[in-house]
Amino acid sequence: MNVNPYQPLLATIDEIRLEVAGERPIKTLKLVLQEEDLRKRFSYLPGQCVMVSLFGAGECFFAISSSPTQKGYIEVSVMKLGKVTSALHECEPGDVIGVRGPYGNSFDVDAWQGKNMVFIGGGIGQAPLRSLINYIVENRKKYGKIDVVYGARTSEDLCFKKELSELEKRDDLGVHLSIDVEEEGWKKFVGFVPDNLLQVKPSPKNTIAVTCGPPIMIKFVIQNLLKLGFTEEQIFTTLEMRMKCGIGKCGRCNIGNLFVCKDGPVFSYKQLKNIQGEM
Amino acid sequence: MTTMEKLVLPKLGIRKLIIGMLAEHRFFGPVDDDGATLFKQIKDPAELDLTFTNSTVPPKALLFKQTETLFKFSLGRSVKIDPVDITNERTIIFGIRPCDAKSLAILDQVFKGDYEDPFYLTRRKNTVLIGLSCTQPGVNCFCTSFKDGPASSENVDVLLTDIGEKYYVEVRSDKGKHLIASMKELLRSAKAEDENNVTYVEEKAIAAITRNMNIEGMVNKLDKMFENSLWKTIAMKCLGCGVCTYLCPTCNCFDIQDETALEKGARVRVWDSCMYPEYTLQASGHNPRPERVNRIRNRVYHKFNYCPKNYGVTACVGCGRCIDNCPVNIDIIDVINKAGEAKV
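Protein chains in written order, with the numbering used here: chain Y, 254 to 532; chain V, 6 to 349.
Same shape as in the complex, but just chain Y (with noise of 0.2 Å):
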């Protein structure tokens, strides 16, 4: 009973990307805990969330968007947008942040084998899918036919453009991207996500689709799914809210009486659609 959950972890900025600059930019920060032992003892799953805290600063909770198949490290993809995102954007590699977690449930990796797998991201919704995609590719021969759907509103506004290319080069899954309106030289779709997605058309046989982006592109990534043929339970998503314990005790992240925290982030279209609450 005298374990405190809500004190974080040491871990130092091992490195800092910059994957959009601009207006709203987003950074990936790598974070490599600062005690060996906690460090190989930290096991989590795709779609799990951390705690991350800049002294001073404050918390915030992210999903994890490096895969567990890369160990001795975690990965947040961060966009400034609020105080704590704001100031971890201004750290440098060799910092001292805070991490606690793993928190809330994952992608079911395990139930999924032997399906084929969409993804459809939008913006820095790629993050949590990020994590989902490298774990399933680092374990290709346990999935069937993959495809990624990602957009966002400029070519340079898309997140992990230098893995996308990588996975563009593969000729086992298929990459599809797109921007929001036209540029000079983007010769892929041009259009929303979900649009994309109906010309992508993956078949709903057997597979599942995983969905994370901006709330109205949920929306209609869902409609477009149901519309192709995919049912209640082969659609997920992983959700957000404000956030201050991760641990369900403060309140604040409830839809319904579902906490995103600790019952989710990643909830079916199924469960989702049977809650009562404000998203």
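No wet-lab data here; the hints were simulated from the structure. Hints are supplied without guarantee of correctness; some may be wrong.
[Claimed, not checked] Residues from chain Y that keep clear of chain V, each with C-beta distances beyond 12 Å, as calculated:
no. : residue
1   : 395
2   : 400
3   : 416
[As the list claims (entries may be wrong)] Covered stretches of chain Y, going by a simulated chain V footprint (3 or more residues, C-beta under 8 Å):
no. : region
4   : 318–324
5   : 493–499
Computed from a predicted structure; not experimentally measured. We put the beta carbon where it would ideally sit given N, CA and C, even for glycine.
Since the structure of chain Y is already known, use the hints to place chain V on it.
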């Protein structure tokens, strides 16, 4: 649950009983603080005011503090975390009302679970609850709506009931038994007359409770009326001041903030309220509960739908504080009874 011991304490003995307890415990009891009754630490039994109806601030504040330092840290060249000492002295809360004692049993559910909250739970473990039955319930008391009573000993370690010349003493738990063991010379076995008196006092108190909330079938009913216009009607009146949440004995929402001064700081937990828009406001500007109607509905559902679903208990104990203190007379009894009557 151990078998209940039935004893009496002559009123003259209460001072000695409390002095005995003061020696080995931090002792909190109801004190008249300029017209408001508050649970405060006392050093002398004379400081207590046992004529109160109930305290303005619920005694949950002694276990789940309004402000709590979770840990301290130092910045500078290297970051260091200084854990805070969570061990806690033996404590007595004397005079807690049965409704407030029940609220602690509800808060236990929240602070236990997969991640235990050591701050609340350590204090809870080291605290003995000496309850004091209500003999004169307040005008907005309705504990009986939840099948509890003004003299319910279920959630205390020892319950005292004022039966005139004496206190009737029920020792309800091992903790209570242990506490009372060294004070046996002050106590007598209860006689048939005392039993009759306590029954009379209890029945009289129950009869004095005139208000009733009908919660039968409320969980299912609320499931069917999330979009009902009732919530809008209540929201029109609500000022969003949050007093109902701050004085509620079962409200447990909190915020966590960093406080810093130069190179030192602390992460601090403070009570928060779901009645404020900032509570759910996201960094992107999106707010899942932007309107007062969203927030007031969430509060009602949290108490009467979500908690029953998650913990098997309604998160209202009928203390009446939110009714007594609402500046615009929103009355939770009316709200729930109207929900019960609403056509769906």
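Now the hints, each set against the structure:
no.: 1; hint: 395; verdict: holds, 29 Å
no.: 2; hint: 400; verdict: holds, 28 Å
no.: 3; hint: 416; verdict: holds, 24 Å
no.: 4; hint: 318–324; verdict: violated (count 0)
no.: 5; hint: 493–499; verdict: holds (count 5)
Checked against the numbered hints given earlier, the structure breaks only hint 4 and satisfies all the rest.
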